[in-house]
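If you read the protein sequences in the order shown, they are chains A and B.
To convert, note that position 12 of the first sequence is 12 in the numbering used here; the numbers rise steadily by one, no gaps.
To convert, note that position 8 of the second sequence is 8 in the numbering used here; the numbers rise steadily by one, no gaps.
Heads up, a few of these hints could be off.
[As the list claims (entries may be wrong)] Quick list of the computed label-pair ranges, beta carbon to beta carbon: (1) Q80(A) <-> K112(B): 28 to 36 angstroms; (2) T64(B) <-> N62(A): 16 to 24 angstroms; (3) S27(A) <-> S12(B): 37 to 45 angstroms; (4) P8(A) <-> L75(B): 36 to 44 angstroms; (5) Q80(A) <-> R80(B): 20 to 28 angstroms; (6) N38(B) <-> E14(A): 25 to 33 angstroms; (7) T67(B) <-> S9(A): 32 to 40 angstroms; (8) S101(A) <-> E55(B): 29 to 37 angstroms.
[Unchecked claim] Residues from chain B that face chain A, not an exhaustive set, calculated with beta carbons under 7 angstroms: (9) R36; (10) S39; (11) I94; (12) S97; (13) F103.
Hints in this document: simulated from the structure, not taken from any laboratory.
For each residue, glycine too, the CB sits at the ideal point set by N, CA and C.
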Amino acid sequence: GAGVSQTPSNKVTEKGKYVELRCDPISGHTALYWYRQSLGQGPEFLIYFQGTGAADDSGLPNDRFFAVRPEGSVSTLKIQRTERGDSAVYLCASSLSTTGSGYTFGSGTRLTVV
Amino acid sequence: SQQGEEDPQALSIQEGENATMNCSYKTSINNLQWYRQNSGRGLVHLILIRSNEREKHSGRLRVTLDTSKKSSSLLITASRAADTASYFCATDAIGGSQGNLIFGKGTKLSVKP
């Protein structure tokens, strides 16, 4: 597609529920990234994929968070047993390579845990 | 953890004036990037400057990088109301994960018509 597409754009869920956030990167972009942004803060790294594999998942806050990219294109960020502190905007980005090029970000998914 | 720190946190100027935002970071880097964000949603990549470059231009944007001081500045000349947004610097640290950009907290720029 023309840009990075994230769905849903907004998600409200109850504490303890499971959620999935989807990212559809730019066609041909091998690198895909997930970031999380809280109000008034800059984005914080969660995980990045090179192709199908997670090259770095050091930013995932705990084992309730998991992400997959089974065919090297679309990625899903999964959050189990959501907590109110998980409320944030989840941003996905993609790029042709990880070095020397800027990232193209999607519009994000605003997750609210009530 | 956030290694970049932008200053000022907020900046308000009149249309036509220049806006300068600064960024400081802590560790040695491969490159530094600047992004713009409107309304707290998707970020737009503005410019990337490599660690061996000192200055770069793109349209009304001018970015400088001083690796000895671990700092960068973003200058927007002849600002427009449409430049109103938050601006973030982001770095990838040498020795760190190549896919892990570290963002600062951003500068909120307001350009009044």
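We went through each hint and held it up to the structure:
Against the hinted window of 28 to 36 angstroms, the Cβ-Cβ separation of Q80(A) and K112(B) comes to about 46 angstroms, which falls outside the hint. Checked against the hint of 16 to 24 angstroms, the pair T64(B) and N62(A) fails, with Cβ atoms roughly 39 angstroms apart. Between S27(A) and S12(B), the C-beta spacing of about 40 angstroms keeps the proposed range 37 to 45 angstroms intact. In this structure the supplied range 36 to 44 angstroms holds for P8(A) paired with L75(B), their Cβ-Cβ distance being about 38 angstroms.
A hinted range of 20 to 28 angstroms for the beta carbons of Q80(A) and R80(B) is inconsistent with their spacing of about 45 angstroms. Distance hint for N38(B) and E14(A): a CB-CB separation of about 30 angstroms, consistent with the stated range 25 to 33 angstroms. For the pair T67(B) and S9(A), the beta carbons lie near 39 angstroms from each other, so the given range of 32 to 40 angstroms is met. Between S101(A) and E55(B) the Cβ separation comes to about 20 angstroms, which falls outside the hinted range of 29 to 37 angstroms.
For R36(B), the interface hint is violated, since its Cβ never comes within 7 angstroms of a Cβ in chain A; the closest pair sits about 11 angstroms apart. The beta carbon of S39(B) is not positioned within 7 angstroms of any beta carbon in chain A (closest approach about 10 angstroms), and the interface hint is therefore violated. Taking 7 angstroms as the C-beta cut-off, the interface hint given for I94(B) is violated, the closest approach to chain A being about 11 angstroms. A least Cβ separation of about 4 angstroms between S97(B) and chain A falls short of the 7 angstroms threshold, and the interface hint therefore holds.
Here the hint on F103(B) is kept, as its CB sits about 3 angstroms from the closest CB of chain A, short of 7 angstroms.
When held up to the earlier numbered hints, the structure conflicts with 1, 2, 5, 8, 9, 10 and 11 and fits the remainder.
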